[in-house]
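Visitor: Residues per chain are reported as follows:
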Amino acid sequence: MEVVVQDLELAYGDFVAIKRLDLTIPDGESVVLLGQSGCGKTSTMRCIAGLESPTGGRISIGDRTVFDGASGKVVPVFKRNVGMVFQSYAVWPHKTVLENVSFPLKMKGIARADRRRQALEVLEIVGLAHLAERGASMLSGGQMQRVALARSMAMSPSVLLLDEPLSNLDARLRDDLRVELRRIQTERGLTSLYVTHDQQEALALADRIAIMQEGRITQLGTPEQIYGSPVSASIAGFLGVTNIFPIAPSSTPRSLELTDHDIALRSTYPVPRTAASVCIRPEDITVTLEQPTDRVGHDADTNYVSGTVEVAVFQGASIRCKVRTDSGLPLDAICAPPAVGTFAPGARVSISIDSDRVKVLPNEAPVSDIPQAVAA
Amino acid sequence: MSSTSVLEPAPPMTPRPPAPARRRARRIGRRGKVASLPLLAVVAFLVLVPAGFVLLAAFSKEVPRPGSIGLDLTLQNIRVLTEAGVIGATLNSLAIAFSATLLALAIGGFLAFVTARTNVPCKGFIFLIGLMPLFLPSYVGALAWSLLGSPGAGLINVAFRDLGMGSPVNVYSIGGVVMVMAMYYAPYAFLLMHSSMSLMNPDLEDASSVHGGSTWHTIRSVTTPLALPAILGSGLLMFILILENFPVAQVLATPGQIDTLPTFIYRLMNTSPSRGNEASVIAIVLVAAVIIITLVQRRILAKRSYTTVSGKGVKARTLPLGRFKAPVVAVALVYFLLAIVLPLLALFLSAIRSSPYMQSFASLTEPGALDITSFAHVFTSEVFTSAATNSVIVSLLAALGGTILAFLVGYTVYRTSSYARGLLEALSMVPLAIPAIVLGIGLLWTWLVMPIPVYGTLWVLIIGFVAVQMPQGFRGIAAAIQATDRDLEDSAVLLGARRTRAIGYVTIPLLRVAVSSTFLILLMLSMRELTVPLFLYTTDTRILSIAIYDQFENGGALQEASAMALIYCAIMFILSYLPRRFGAKNGAGGA
Chain A
1 MEVVVQDLEL AYGDFVAIKR LDLTIPDGES VVLLGQSGCG KTSTMRCIAG
51 LESPTGGRIS IGDRTVFDGA SGKVVPVFKR NVGMVFQSYA VWPHKTVLEN
101 VSFPLKMKGI ARADRRRQAL EVLEIVGLAH LAERGASMLS GGQMQRVALA
151 RSMAMSPSVL LLDEPLSNLD ARLRDDLRVE LRRIQTERGL TSLYVTHDQQ
201 EALALADRIA IMQEGRITQL GTPEQIYGSP VSASIAGFLG VTNIFPIAPS
251 STPRSLELTD HDIALRSTYP VPRTAASVCI RPEDITVTLE QPTDRVGHDA
301 DTNYVSGTVE VAVFQGASIR CKVRTDSGLP LDAICAPPAV GTFAPGARVS
351 ISIDSDRVKV LPNEAPVSDI PQAVAA
Chain B
1001 MSSTSVLEPA PPMTPRPPAP ARRRARRIGR RGKVASLPLL AVVAFLVLVP
1051 AGFVLLAAFS KEVPRPGSIG LDLTLQNIRV LTEAGVIGAT LNSLAIAFSA
1101 TLLALAIGGF LAFVTARTNV PCKGFIFLIG LMPLFLPSYV GALAWSLLGS
1151 PGAGLINVAF RDLGMGSPVN VYSIGGVVMV MAMYYAPYAF LLMHSSMSLM
1201 NPDLEDASSV HGGSTWHTIR SVTTPLALPA ILGSGLLMFI LILENFPVAQ
1251 VLATPGQIDT LPTFIYRLMN TSPSRGNEAS VIAIVLVAAV IIITLVQRRI
1301 LAKRSYTTVS GKGVKARTLP LGRFKAPVVA VALVYFLLAI VLPLLALFLS
1351 AIRSSPYMQS FASLTEPGAL DITSFAHVFT SEVFTSAATN SVIVSLLAAL
1401 GGTILAFLVG YTVYRTSSYA RGLLEALSMV PLAIPAIVLG IGLLWTWLVM
1451 PIPVYGTLWV LIIGFVAVQM PQGFRGIAAA IQATDRDLED SAVLLGARRT
1501 RAIGYVTIPL LRVAVSSTFL ILLMLSMREL TVPLFLYTTD TRILSIAIYD
1551 QFENGGALQE ASAMALIYCA IMFILSYLPR RFGAKNGAGG A
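Residue numbers (this note's numbering), protein chains in the order written: chain A, 1 to 376; chain B, 1001 to 1591.
Don't take each hint at face value.
[Unchecked claim] Beta-carbon label-pair distances, calculated as ranges:
hint, chain 1, residue 1, chain 2, residue 2, range
1, B, Arg1498, A, Gly189, 27 to 35 Å
2, A, Asn363, B, Arg1299, 40 to 48 Å
3, A, Lys73, B, Arg1486, 47 to 55 Å
4, B, Arg1498, A, Asn168, 24 to 32 Å
5, A, Met1, B, Ser1516, 38 to 46 Å
6, B, Ser1516, A, Gly189, 41 to 49 Å
7, A, Arg116, B, Gly1456, 53 to 61 Å
8, B, Ala1426, A, Ala111, 45 to 53 Å
9, B, Leu1423, A, Ser229, 50 to 58 Å
10, A, Asp27, B, Ser1417, 57 to 65 Å
11, B, Leu1423, A, Gln36, 33 to 41 Å
12, B, Ala1035, A, Asp260, 50 to 58 Å
13, B, Arg1486, A, Thr259, 19 to 27 Å
14, A, Gln36, B, Leu1228, 35 to 43 Å
[Stated by the list, open to error] Straight-line distance between alpha carbons at most 30 Å, and here's what the computed DSS-like set of lysine-lysine pairs gives:
hint, chain 1, residue 1, chain 2, residue 2
15, A, Lys79, B, Lys1033
16, A, Lys106, A, Lys73
17, A, Lys79, A, Lys106
18, A, Lys108, A, Lys95
19, B, Lys1123, B, Lys1325
20, A, Lys95, A, Lys73
21, A, Lys95, A, Lys79
22, A, Lys73, B, Lys1123
23, A, Lys108, B, Lys1325
Honestly, the hints are just simulated from the structure, not real lab data. Given the structure is predicted, the values throughout are model-derived calculations rather than measurements. Note that the Cβ used here is the ideal one computed from N, Cα and C, for glycine as well.
In isolation and in its complexed conformation, chain B is listed as follows:
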């Protein structure tokens, strides 16, 4: 739209040259500018069509199915909002998200402060404690905790009963959901706050002490306000993630007859006959809530400048802990125990126990009670091998596709003068605002309706993953493209290379760290995603996360399921370790 105004500004005294010349020149410019349009079409198709189907279904009598996208419009579905269960689910969701966010902030903030700003012993280990729950997908944590803390057969309750103390623990409760969510989302708070606190310019705090502020006064009036953007930012991020989290709520809240919005949506989809249209209405409510919170987060963060990050060579001040050393380490260890050690032990125990039922720990000493061969069974079982193969294929292709798409979008947005760059960027970020459960439903309907035979193959999972993970991919690569001087590439073109050759010779090698770590992050995200494939998988296309979830849900094969979950955790750990390893090795290659 701006190009038409080129004709407008006429310096008064100079006569205009003939118009045709000008128009021609503009056309030349346009050729390079439309390069973004095919990309825009792809991105819009991946994201907007599924979202559109959910929106359509909310106001339609029928859900989209092959041959009919359901254009029979109605407002009847909105009545679902008055159902008693919806109000309850909304309140539960908000209560869980709010308390779990606070708890996660407390855990993450505590560990971040302790590792970044105090002289706590074993700092490296405590840092690792803060990070480790990231490697354990939250629903595996939830499954493990259902082994540990279910009201009847939970291992903790068994232990208490052995000691004659009844069975006090019940994770199938709001408290249980809050605790598990908080434990597995705390690393996000930890990471954001740790970087903010360790990069804080010590001069700012020294200024307070020089002018007479005591240590605690300084922490209260300088350190905390400076860390506030990170605290608020990570808090709102976690609030959204917890609000839209489906797996943990499904594993822990549903058995206790507690509904959250995501589980309510899932139940509506899975009742018979399916109530997809009403599920869509609730989905839209959930999306609206997420968008509002995202906007609030942006507003808050935009007002603050991150002036705590003052460049290189800053060594933040450390606070001597003195006699608080032991209690601080103890708190960290308790978190480690609850988030990592106990869940893994529970999985291990149930993987090697031959009987799924256990009355007391004493029964483990009976001959034949323990059987290590389950791991071997799992490795050779058809379920595991096919799911693992599928997982590997899907994750590799999704990560590859996602990385390529992210590079193309990032390059177009930041390096060309194409049309609609802002729109392209905005569209790439849209999946952030759409909870996985909603996007899963939208993708299901989209690819059921499409005349291309993709549904029922691994391709639908790959397409779904690429769509869901677009924001993470885009952000990873875009930041690197922005940080790389575009003159580097332009100079190759000036020196006689074609643009594509210049990209290959200069830009991609310079971005290789960003590109490869984006690839690995997408790979890991694809491996751990559960909610979206839950709607897209079919019997032949089960992936690891689905297989584990299924086996736990069906209950029958607890031993195999636990063994598989452990193997899965090991894979996740290796995958999470790789980017760091890789990034560190090539870190020196920056511009």
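Isolated chain A (complex conformation):
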């Protein structure tokens, strides 16, 4: 069911964890809240679940308002029909897998035989039906994760909340379960809200991503939009853009002057009026061993610089290297291995960056851009 959060605020004494947040999760969609730890994403989720009491705002699930600061209405947690998969799984170790999964059905007053059948059906979906009678403390991390998911799904939740569910698993299992989760979510049309600090996970699982910073949602969009056009340098940094350098206020797109380095770059992006930075993805920097004919400077489309390799790491299909330009600018690049020779430390290289790959973004998303209801 559709979940609508309006003007949500949560404060602990002086500390405001969530600042006037608006968010809509359309029916059947998967929204991922992506942000660093402490940005308020888990608090937002716990407010929807009812485990935290917001200090203001409104939350509705489907047609039902579950929290309204203005009228004082609060629907207690156990009546909200919200499923939640915890980071710690929270699978009850003193019960069997089946007991865990049939618990919500028991709470709904479903007869024992039906309970068992329905629980087994859900366990079938997550591929654990054969472990139904096993004690839950005997399971591996990945299996516990599936039990937690099955338990939440068994209650046919109005919305499923997932709090960094994969972060305690090892990398390989995480990849597998990520695909599995996405399959179940789309197949069953689950309305879900997923919290993570891992951009890969967010990109894989979301219909839409909401970037959350310091208690606010600073950008909301499809994974493609978020990845392709982050609205601020800090968001870009969070999405894996490793080359971020502040620019002087006097910069123009033809000549972006970096504040800390004596070098000017060229970009096709306009320069915002607020404090801004250039952002360059490491994949967009081309590094080649220096030839005598190489140019330095830039033409209309491309920036050319020469520099030295500091360290290079072979990654199979690509090479990741740290290079320093002659003017002292450190750059992080991911590029194809050179056809001839190697990027030995100290090797002279020429570096080129297309000017349409040099993004100029404000350091922080302007507060007025936050999607929110305009107050009278």
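For chain A, the structure is supplied; the task is to place chain B on it using the hints.
Guide: Same frame as chain A, now just chain B:
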């Protein structure tokens, strides 16, 4: 107080929503937060009111009694501090506590090191030796030692006289008190140091030997400093326990005309006319001393991190003893003999001896000198049956009440956002800082004054025990609550269960080991407590510890008293054994 500031922080550019909405929302939050207040009232009443009465009595002309709590204030009572006896008692207390702590640390540390870190033979048995005196309440040990080492009729002296060597032993002396205290408090040092030493990361020591340190150098410069927090912690803990110990001092020091602060307080209370107000003044001095030491202990321990505990699977290095094996075992056996074997034998002998007086061991061979029927007499005697019944009722109810209270307080403190959680936790720990003898006096006055007719019934003992044992109960349960992920319970609520149902379905089953072992510990503590009931019991409400103490004090029924003490020890042993047994069986159920 923090909730008012919710209104304050205003992000500059955003207009504020209308205020009423906000205020309403805060009120909703408040409903759940006041849940702690009734609990706070109960805990404060149990602890602060008795403490308050003692404080009041110290500055009043009269002690609290029904109809008057004694508001006639005066500073005259403080003059008691200049009495010659007070200075002497203070010095005795400090001297006894200091020497007994050192001796107990030496005994406990020696046994801990030997069992945790060396290849001593019969390790399991020596470990048991370190633990066993715990099962013998210290005042039973003291009573047994008064049988063994009293200057005239003590069994050891009788034996020496039989050999024609005079009577060299006198436990009615500072030395005797120190020895008995040290022997029965050594297990605390043993337990704390044993866990610290056996969990010590061997890498730390290996690092020293790899870099050229000899074995003894390593022990001196690495092992000992690493164990220091445990040594200091257990040392200060024992210092406090010994300083405030009343029964041992009463049994051994009083006959030798030696006063300690607790016995001095007791004497002031029991002289006729009672000098309760002056006793209160000294009680406050004792409390102040205990609080200062507790604060020092916290400071010292807070500075150190317990990095010796590095997780699982650590096998501490063991030191080959070589030719020291035999002497080490011998030392352990001597302690075993003095702390356990001789006292129990003395009790047994005096339980089966038909005459309370014995000139020499030879007289035991006379016909009719030994009579095993005293045990049967005890079991059927009115004194024993009523005291045992009372003990069982009081201990079971006190343990039950204490466990429930501890769970409620622990849950409120660690799982809710109620007001005054910190205060609640602090109040629960207050009894640690108040010596039993002081709390006993406070509880006596409290329940004499209260209009509820509780004094003179078993209920006053139950209430007293719950109050005294609050810290032990709280710590046992709080640690388990903290170690259990709260998501486990929250998930049940999300899945449609009410909070109370979720607690019953998830939290309590997960905590059952902690809850049941807390129950058993409180049960055992209630069984062995002597000082507090000494002020609260009446003729009809004697419990086992009181009955034994009384019979020994009155001297007449030495045979029955000894038999009863032995039976009592057996009960204590079973009770101490149960938690281990129980804990081991259910140990796998953790989260």
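Visitor: Determine for every hint whether it applies to the structure shown.
Guide: The hints, checked one at a time:
no.	hint	in the structure
1	B:Arg1498 to A:Gly189: 27 to 35 Å	holds, 29 Å
2	A:Asn363 to B:Arg1299: 40 to 48 Å	holds, 45 Å
3	A:Lys73 to B:Arg1486: 47 to 55 Å	violated, 26 Å
4	B:Arg1498 to A:Asn168: 24 to 32 Å	holds, 29 Å
5	A:Met1 to B:Ser1516: 38 to 46 Å	holds, 44 Å
6	B:Ser1516 to A:Gly189: 41 to 49 Å	holds, 47 Å
7	A:Arg116 to B:Gly1456: 53 to 61 Å	holds, 58 Å
8	B:Ala1426 to A:Ala111: 45 to 53 Å	holds, 50 Å
9	B:Leu1423 to A:Ser229: 50 to 58 Å	holds, 53 Å
10	A:Asp27 to B:Ser1417: 57 to 65 Å	violated, 33 Å
11	B:Leu1423 to A:Gln36: 33 to 41 Å	holds, 35 Å
12	B:Ala1035 to A:Asp260: 50 to 58 Å	holds, 55 Å
13	B:Arg1486 to A:Thr259: 19 to 27 Å	violated, 47 Å
14	A:Gln36 to B:Leu1228: 35 to 43 Å	holds, 40 Å
15	A:Lys79 to B:Lys1033	holds, 21 Å
16	A:Lys106 to A:Lys73	holds, 27 Å
17	A:Lys79 to A:Lys106	holds, 14 Å
18	A:Lys108 to A:Lys95	holds, 19 Å
19	B:Lys1123 to B:Lys1325	holds, 11 Å
20	A:Lys95 to A:Lys73	violated, 35 Å
21	A:Lys95 to A:Lys79	holds, 23 Å
22	A:Lys73 to B:Lys1123	violated, 65 Å
23	A:Lys108 to B:Lys1325	violated, 67 Å
When the structure is compared with the earlier hints, violations turn up for hints 3, 10, 13, 20, 22, 23 and for no others.
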